[in-house]
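**Q** One-letter residues, chain by chain:
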Amino acid sequence: MKQSFINDLQKIVGEQFTLSDKESLAVYGYDSTPELESLPGAVVLPGSTEEVSRVVALCHDAGVSVTPRGSGTNLSGGSLSAGGVVLQTSRLNRVVEIDEENLTATVETGVITSALHRDVEGRGLFYPPDPGSMNISTMGGNVAENSGGLRGLKYGVTSDYVMGLTTILPDGVLLKTGGKAVKNVAGYNLNDLLVSSEGTLGVFTEVMVRLIPKPPAKKTMLVHFPELEQAALTVSRIIAARIIPATLEFLDRVTIRCVEDYARVGLPLDVEAVLLIEVDGHPAVVEEDAAAIRAICEKHRCSFFQTAATAEEALKLATARRVALSALARVKPTTILEDATVPRSCIAPMVKLIQETARKYDLTIGTFGHAGDGNLHPTCLTDERDKDEIARAHQAFAEIFDAAIAMGGTITGEHGVGLAKKKYLPKLVGEAGVRVMRNIKESFDPKGILNPGKVF
Amino acid sequence: MDYEKLINCMRCGMCLPHCPTYKETFLETASPRGRVALVRKFQKGDLAASERFLDYLSLCLDCQACASACPCGVNAGELVAEFKCEKKERDGLSFMEELVLRRLLPHPDRLETAASPLKLYQRSGLQKVVRKLGLLKMFPPGLSRMEGLLPELPAQPLRRTLQEVTPAQGEERGTVGFFLGCVMSLVFSEASFATVQLLSAMGYRVITPKAQKCCGAPNMLAADRRGMEEMARFNVELFSSYDLDFIVTDCGGCGAELKKYGHHLGGDGHAAVFSGKVRDISQVLYEGRGLLGEKLKPLPHRVTYHDPCHIAHCQGIRHEPRQLLKMIPGLDYRELADADACCGSAGTYNIERPEMADRVLRRKLDTVLKTGADYLVTSNPGCLLQLKQALAQTEPQVRVIHLTELLQASMNG
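Top to bottom, those sequences are chains D and L.
The first sequence begins at 1 in full-length UniProt numbering and counts up one residue at a time.
The second sequence begins at 1 in full-length UniProt numbering and counts up one residue at a time.
Hint data in this document are derived by calculation from the structure and do not stem from the laboratory.
Ideal Cβ positions, reconstructed from N, Cα and C, are used throughout, including at glycine.
Some hints could be false.
[To be verified] Using 27 Å as the maximum straight-line C-alpha spacing, the simulated DSSO-like pairs for lysine-lysine come out as follows:
1. K5(L) x K23(L)
2. K5(L) x K387(D)
3. K22(D) x K5(L)
4. K41(L) x K332(D)
5. K44(L) x K22(D)
6. K87(L) x K22(D)
7. K427(D) x K360(D)
8. K332(D) x K44(L)
9. K88(L) x K41(L)
10. K213(L) x K277(L)
11. K41(L) x K22(D)
12. K332(D) x K5(L)
13. K2(D) x K213(L)
14. K427(D) x K352(D)
15. K422(D) x K360(D)
16. K370(L) x K214(D)
17. K316(D) x K326(L)
18. K387(D) x K44(L)
19. K22(D) x K88(L)
20. K23(L) x K22(D)
21. K183(D) x K214(D)
22. K23(L) x K11(D)
23. K360(D) x K423(D)
24. K387(D) x K41(L)
[Unchecked claim] Just a few of them, taken from the derived set where beta-carbon distance is under 10 Å, the chain L residues facing chain D:
25. N8
26. C12
27. L16
28. F26
29. L27
30. T29
31. S31
32. G34
33. D46
34. C72
35. M327
Could you put the whole structure together from the sequences, leaning on the hints where they help?
**A** Structure, rendered in structure tokens:
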């Protein structure tokens, strides 16, 4: 990248916040996606919406690409740049306003998701989306990827909460969409278009989200099943009984063994599935729901059912699920975490298919995830130095994605397409789908400045 | 270095919110994930160990908060330390390092003698004169900072005044070896004396071998592995000559290092046995909490606890010190926000990287003040020095003391 251009960036954001030394570029060459790396030309950390606008405008004029990045926890390579400018939003980290009358929170794009949780929960309010990386992920990143989390089943995902956005368009112009009005049908719903645009349509500088009252009570349950089908049936039956748990999480046999090896939480090794169930809401309803869930689990031959009596016990019960990724990640150096998602009724066939595919390609794949909303995390434990095994892992995942599509599901439930899933997208959305997406991209960004090469 | 350890990092970023330097800068180069990547790229030959490269690595406090947070068991702080050691082995020690690490630290007598001019400096009133006249401005910044950190030294280091054997009070329940930290003995001898008193009151016969040497942690900070190993061998041999149930220390830094002797001295079976016996004082006291509880008398203080990195992150001890404090009748315990975040002392970091150390410290002080506590308890000399000095300047109503001093005060009533 030309020094004169870097000087221009420095003039906007300051020398301290413009990085172009090779050590810095090297560590901005990755995000959380395994295997992928690509070196940017420069990194900037703007400190205001205005600085973002000026950086983007400068890049637009110079024909240099801009890739927005929050904390770099993307799992599809979406925050990687090939020779362009990486725009890190971390310094835009002010909570602008929490409006307790309209129940909205307005935050700058770099605010950490869990910091918002803490802030609003202190006021008896609730922002439900809780992606696995919430302790470091930024709100802007959550919006760009439409992040989900454990509470998706009952409370939905990020897009269900976005009410307004402040976005810098590819030519540096500021666009405000949505607002505090709950009903708003003026023109196209640009908010929804921008959510999950993966940094290809604009750079968010402010996000306004909807808040809801914090549920006053909750109850946590841990259930073991000797048969996978019975665990899956239990999930469907709970929903059919008109109960929507806040959390309905699943661990398969491989994951259970790894968890037990790592954390010794007392899981029996002969069970096929473990469910972690959490119901929340009015105390009386929570009691009723928990009793009904217990009856359903017992009918489906669970071998163990435990309800937490205290908050401390609840934390203990949730340990197995909480440490699942750690337990799996420690087994081998490289961990490929996927997010194939199917309709909830297909959980059992999908888990079976993943297990068979793992056997077929001689791989270790542990599956855990959000059974309630069909969002599974088949996690392949491998070693990037073993080229043959890595190749088999990719083949296996290609088959798993095909199966997810065939079951009416999707190639990604919450990680985004980015670079990693690009080749699978046409299979899912078809040629027409890709064409519409391309046209939208063209109309926002005719010069192809923003996060080029991602999604399609 | 073990490449396997580096490749285990899956770049998930879970370490980022726990890293004090990342929280201050938001820079990937100042994050554990970034440091692992830098070392990995050096090993692959993509990056050279340039001055800038080393500067990025040296911003690490080695607080190991990242290790507590890492899902894959990677310890970025330790990796950086190891990398520095390997480099130092190639480049050799500087004159000052050779002097301090190899000629002073291994000899407690010399170390104590070297400290005595400081005492004279304080007692003679010279310190007051120097401070009043602003002469410190003429010192190099590192030295003037060191001067400021130093509280008033005790008349005698504990190593000189303590008997080799302190008998157990009441029924004897065992024999423990006491490992004197250099700074604890030289600067915080009252706290360490309280430690010995508590052990004795709990029924332990306490043996303090006078010949013991520094644990070697300062050597590791300066990336001098050989110096550390020499002292480790000596200490292992010395303590192995006694029949001990535990080896107890009240210094977080020493404890963390002593527990690693087994690992450092790989093939040495004695070292593994030694490390297996090492306990932080809070562990021993917590184990005998029934007996201790009977002896504690009310203290009306508002108290909060700062987790030293070397206790919480390096040794995984968080529960015991808190429970011990909560056992004191009448004590108003208030939990500190981000209690296990580094205070910025980090060995010699506050002297080497004062600007970052101050930013990290500021965060800690803000959380301490929010608790409204009048006693800040911790259990590591580095934290004690750093926090005492900072609070004495701005918030003299908050007293900073070692865990054992408060427990002893409660025991004595």
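**Q** Would you mind marking each hint as holding or not holding in the structure?
**A** Hint by hint, here is what the structure shows:
Proposed proximity of K5(L) and K23(L) is supported: the alpha carbons are some 24 Å apart, at most 27 Å. For the suggested pair K5(L) and K387(D), the alpha carbons sit about 19 Å apart, so the restraint of at most 27 Å is met. As the CA atoms of K22(D) and K5(L) are separated by approximately 24 Å, the hinted pair is consistent with the 27 Å bound. Using a Cα cut-off of 27 Å, the hinted pair K41(L) and K332(D) holds, with the two alpha carbons roughly 20 Å apart.
Note on K44(L) and K22(D): the hinted pairing holds, with a Cα-Cα distance of about 15 Å set against a maximum of 27 Å. Only pairs whose Cα atoms come within 27 Å are accepted, and K87(L) paired with K22(D) is accepted, the gap being roughly 21 Å. As the CA atoms of K427(D) and K360(D) are separated by approximately 23 Å, the hinted pair is consistent with the 27 Å bound. Taken as a hint, the K332(D) and K44(L) pair is honoured in the structure, with Cα atoms around 20 Å apart against an allowance of 27 Å.
Simply put, K88(L) and K41(L) have alpha-carbon atoms about 19 Å apart, close enough for the 27 Å limit, and the pair holds. This hinted pair checks out: K213(L) and K277(L) have alpha carbons roughly 18 Å apart, not beyond 27 Å. For the proposed pair K41(L) and K22(D), the alpha carbon gap of about 11 Å is at most 27 Å, so the pair holds. Taking the CA atoms of K332(D) and K5(L), the gap is near 11 Å; set against the 27 Å cutoff, the hint holds.
For the hint pairing K2(D) with K213(L), the CA-to-CA distance comes to about 56 Å; that exceeds 27 Å, so the pair is violated. About 22 Å separates the Cα atoms of K427(D) and K352(D), which keeps this hinted pair within 27 Å; it holds. Straight-line distance between C-alpha atoms of K422(D) and K360(D) comes to about 25 Å, which keeps the hinted pair within the 27 Å bound. The suggested pairing of K370(L) with K214(D) holds, with an alpha-carbon distance near 26 Å, which does not exceed 27 Å.
In summary, the hint linking K316(D) to K326(L) is supported, as the alpha carbons are separated by about 23 Å, within the 27 Å threshold. Simply put, K387(D) and K44(L) have alpha-carbon atoms about 17 Å apart, close enough for the 27 Å limit, and the pair holds. Distance restraint check for K22(D) and K88(L): the Cα-Cα separation of roughly 23 Å lies within the 27 Å cut-off, and the hinted pair is therefore satisfied. Taking the CA atoms of K23(L) and K22(D), the gap is near 22 Å; set against the 27 Å cutoff, the hint holds.
Distance restraint check for K183(D) and K214(D): the Cα-Cα separation of roughly 23 Å lies within the 27 Å cut-off, and the hinted pair is therefore satisfied. A threshold of 27 Å between alpha carbons decides the hint, and for K23(L) with K11(D) the separation of about 25 Å falls inside it, so the pair holds. With a CA separation close to 23 Å, the supplied pair K360(D) and K423(D) stays within the 27 Å bound. Of the supplied pair hints, the one linking K387(D) and K41(L) holds, its CA atoms being roughly 20 Å apart against a limit of 27 Å.
For N8(L), the shortest C-beta to C-beta distance to chain D is roughly 5 Å, which falls under 10 Å, so the interface hint holds. Annotation: interface hint on C12(L) holds; nearest CB of chain D at approximately 5 Å, less than 10 Å. Interface hint at L16(L): satisfied, since its Cβ lies 5 Å from the closest Cβ of chain D, which is below the 10 Å cut-off. With a least beta-carbon distance of about 4 Å to chain D, the hint placing F26(L) at the interface is held under the 10 Å criterion.
Hint on L27(L) holds. Least Cβ distance to chain D is approximately 8 Å, under the 10 Å limit. Against a cut-off of 10 Å between C-beta atoms, the interface hint on T29(L) holds, since the closest Cβ of chain D lies about 5 Å away. Below 10 Å, beta-carbon pairs count as interface contacts, and S31(L) has one with chain D at about 8 Å; its hint therefore holds. For G34(L), the interface hint holds, the least distance from its beta-carbon to any beta-carbon of chain D being 4 Å, beneath 10 Å.
Hint status for D46(L): holds, given a least beta-carbon distance of 7 Å to chain D, under 10 Å. Interface hint at C72(L): satisfied, since its Cβ lies 5 Å from the closest Cβ of chain D, which is below the 10 Å cut-off. A least Cβ separation of about 19 Å between M327(L) and chain D goes past the 10 Å threshold, and the interface hint is therefore violated.
Checked against the numbered hints above, the structure breaks hints 13, 35 and satisfies the rest.
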